[in-house]
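*Asks:* Which chain is which? The protein sequence lines are E and F, in order. Going left to right, the first sequence walks through residues 1 to 369 as the numbering used here numbers them. Going left to right, the second sequence walks through residues 1 to 125 as the numbering used here numbers them.
No lab work stands behind these hints, which were simulated from the structure alone. Glycine is no exception: its CB is placed at the ideal position from the N, C-alpha and C atoms. Careful: at least some of the hints might be erroneous.
Unchecked claim - Computed list of chain F residues with no C-beta within reach of chain E, every gap over 10 Å:
{"hint": "1", "residue": "S8"}
{"hint": "2", "residue": "G33"}
{"hint": "3", "residue": "T92"}
Said to hold, decoys possible - Derived contacts from chain E toward chain F, CB cut-off under 7 Å, selection only:
{"hint": "4", "residue": "I40"}
{"hint": "5", "residue": "M41"}
{"hint": "6", "residue": "R295"}
{"hint": "7", "residue": "Q296"}
{"hint": "8", "residue": "P297"}
{"hint": "9", "residue": "F320"}
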Amino acid sequence: MADSTDAVLETPLAGLHRELGGRMVPFAGYAMPVQYPAGIMAEHLHCRAAASLFDVSHMGQAELVGEGAAAALERATPADVQVLKPGRQKYGLLTLDDGGILDDFMVANLGDRLFLVVNASRKHLDFPRIESLLPAGVTLKPLPDRALIALQGPGAVAAIATLAPGIAELAFMGVGHFTIAGVPALVSRSGYTGEDGVEVSVAAEDAEGFARALLALPGVLPAGLGARDSLRLEAGLCLYGNDIDETTSPVEAALTWTIGKRRRMAGDFPGAARVAQELADGTTRLRVGIRPEGRQPARGHTPVHAPGGAAIGEITSGGFGPSLNGPMAMGYVAREHAADGTALELMVRGKPLAARVAPMPFIPHRYAR
Amino acid sequence: MSETKFTSDHEWVRLDGGVATIGITDHAQNALGDVVFVDLPAIGREVTAGEAIAVVESVKAASDVYAPIAGKVVAVNAALADTPGAINSAPTTDGWFFKIETSDPGALDGLMDETAYAAFVDTLA
Numbered sequence: 001m002a003d004s005t006d007a008v009l010e011t012p013l014a015g016l017h018r019e020l021g022g023r024m025v026p027f028a029g030y031a032m033p034v035q036y037p038a039g040i041m042a043e044h045l046h047c048r049a050a051a052s053l054f055d056v057s058h059m060g061q062a063e064l065v066g067e068g069a070a071a072a073l074e075r076a077t078p079a080d081v082q083v084l085k086p087g088r089q090k091y092g093l094l095t096l097d098d099g100g101i102l103d104d105f106m107v108a109n110l111g112d113r114l115f116l117v118v119n120a121s122r123k124h125l126d127f128p129r130i131e132s133l134l135p136a137g138v139t140l141k142p143l144p145d146r147a148l149i150a151l152q153g154p155g156a157v158a159a160i161a162t163l164a165p166g167i168a169e170l171a172f173m174g175v176g177h178f179t180i181a182g183v184p185a186l187v188s189r190s191g192y193t194g195e196d197g198v199e200v201s202v203a204a205e206d207a208e209g210f211a212r213a214l215l216a217l218p219g220v221l222p223a224g225l226g227a228r229d230s231l232r233l234e235a236g237l238c239l240y241g242n243d244i245d246e247t248t249s250p251v252e253a254a255l256t257w258t259i260g261k262r263r264r265m266a267g268d269f270p271g272a273a274r275v276a277q278e279l280a281d282g283t284t285r286l287r288v289g290i291r292p293e294g295r296q297p298a299r300g301h302t303p304v305h306a307p308g309g310a311a312i313g314e315i316t317s318g319g320f321g322p323s324l325n326g327p328m329a330m331g332y333v334a335r336e337h338a339a340d341g342t343a344l345e346l347m348v349r350g351k352p353l354a355a356r357v358a359p360m361p362f363i364p365h366r367y368a369r
Numbered sequence: 001m002s003e004t005k006f007t008s009d010h011e012w013v014r015l016d017g018g019v020a021t022i023g024i025t026d027h028a029q030n031a032l033g034d035v036v037f038v039d040l041p042a043i044g045r046e047v048t049a050g051e052a053i054a055v056v057e058s059v060k061a062a063s064d065v066y067a068p069i070a071g072k073v074v075a076v077n078a079a080l081a082d083t084p085g086a087i088n089s090a091p092t093t094d095g096w097f098f099k100i101e102t103s104d105p106g107a108l109d110g111l112m113d114e115t116a117y118a119a120f121v122d123t124l125a
């Protein structure tokens, strides 16, 4: 979450953002562009139509090296890391001993090491936590001198493949090393928008030239954090600090699919007891998608009630979906109100707003398959 | 046509024959970004100066709109329900929010004129 009281850091692209007219705001301790002159609506719609460049260099990158790195990382996550083949990436959760979620993250198998990406707002907690669980011989190497740039949209891979044709051969969640516009880059076919696209790690000193090379490609425009948020919410993807946090469990968050079957059977991860109990007995609350009726958005922390009745939950993320052309939200509701289609009332500024539980994603994913 | 006055909450106000028309300024719409919804007050509502009586929702966030003067709401811009984007494209004309009837001919005396408002906006940059 944004904390404007901390000293504000900058990414290697800060100068480029200002040159492009980015409106800089504090986010997770960094000055980041919330939008460019085109505005959030246009940036969002452009990403769904063509290709958008996002600076996500504030996120935490690290390598895990040493014999048995995958097994070592499993001490911090219920994800099945050992099953991950070289050249493949997966999404997972870092869990706490009580079953709360420390963070969500991506892990890639680069053959001789693992590559991790964690949230900017959590890296100061994630890295010490992982290190505290590592056996001798496995080392976590944070990579603060790397930038991370996402190119997202139906035209993203075709655009970047004009600079490095092999990228088009990557499958969804595939990773590989490429030289793009003369810059050594680690590329994964993944993202946070629901669209096809790539996330590219490059050295900080190469970042601006690399970003300029991408922005020079036909159809590529910059997009800020505002569009990133509306895109991910339409895609039904969680934002750490809003939709998942140290109080929510993987089962409550409807992220049980990130727990490997082998891991669930073995129960050998932090919070395994809570997960086992919740899988056996059910949770009292569940993360669901919510569609308000009409045009009025309901924002995070809006109370959710049964129609005419008691409070049964809370919105955790809410806004207006430019591609959906309507309001959308996600939040936690009592389990008996969590079925798709269940009528809800959202108490927006004290007035009930009719809504229904709705399946996510709100806009279908268009990942490469 | 009377002079347009401005509040420090970034509303504009035009008084014509005891009825003030109110909207948000170009600076305000630019800061908000794309407007997607407005919640307008009920016609007939008695309001006090400084009272939050409308809400404007952009893709990004919700913001209150305040009554710059006391009086009675006598009209609202119902067209904004279908075309909230008028607040971005024409904030001081088609994008008006509501009209307040006042019996006080000096109701706008404490508000800024255009020059003072422009200077005020410059202090925010």
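*Asks:* Holds or violated: is the Cβ of E/F320 closer than 7 Å to a Cβ in chain F?
*Replies:* Since chain F brings a Cβ to about 4 Å from E/F320, closer than 7 Å, the hint holds.
*Asks:* Find the nearest Cβ of chain E to the Cβ of F/S8 and say whether that gap is larger than 10 Å.
*Replies:* For F/S8, whose nearest Cβ neighbour in chain E is about 21 Å away, the distance exceeds 10 Å, so it holds.
*Asks:* Verify this label for me: F/T92 is non-interface relative to chain E, using a Cβ-Cβ cutoff of 10 Å.
*Replies:* Given that every Cβ of chain E is farther than 10 Å from that of F/T92, nearest at about 19 Å, it holds.
*Asks:* At a threshold of 7 Å, is the proposed contact between E/M41 and chain F supported by beta-carbon distances?
*Replies:* holds (4 Å)
*Asks:* With 7 Å as the cut and Cβ atoms as the points, is E/I40 at the interface with chain F?
*Replies:* Since the shortest Cβ distance to chain F is 5 Å, the answer is holds.
*Asks:* Have a go at the E/R295 hint: is there a Cβ in chain F nearer than 7 Å to its own Cβ?
*Replies:* This hint holds: E/R295 lies near chain F, its Cβ roughly 5 Å from the closest one there, short of 7 Å.
*Asks:* Classify the hint on E/Q296 as holds or violated, based on whether any CB of chain F lies nearer than 7 Å to its CB.
*Replies:* holds (5 Å)
*Asks:* Is the claim that F/G33 lies outside the interface with chain E correct, judged by CB distances over 10 Å?
*Replies:* Given a closest Cβ separation of 5 Å, the condition is violated.
*Asks:* Measuring from the C-beta of E/P297 to each C-beta in chain F, is the shortest one below 7 Å?
*Replies:* holds (5 Å)
Of the numbered hints stated above, the single one contradicted by the structure is hint 2.
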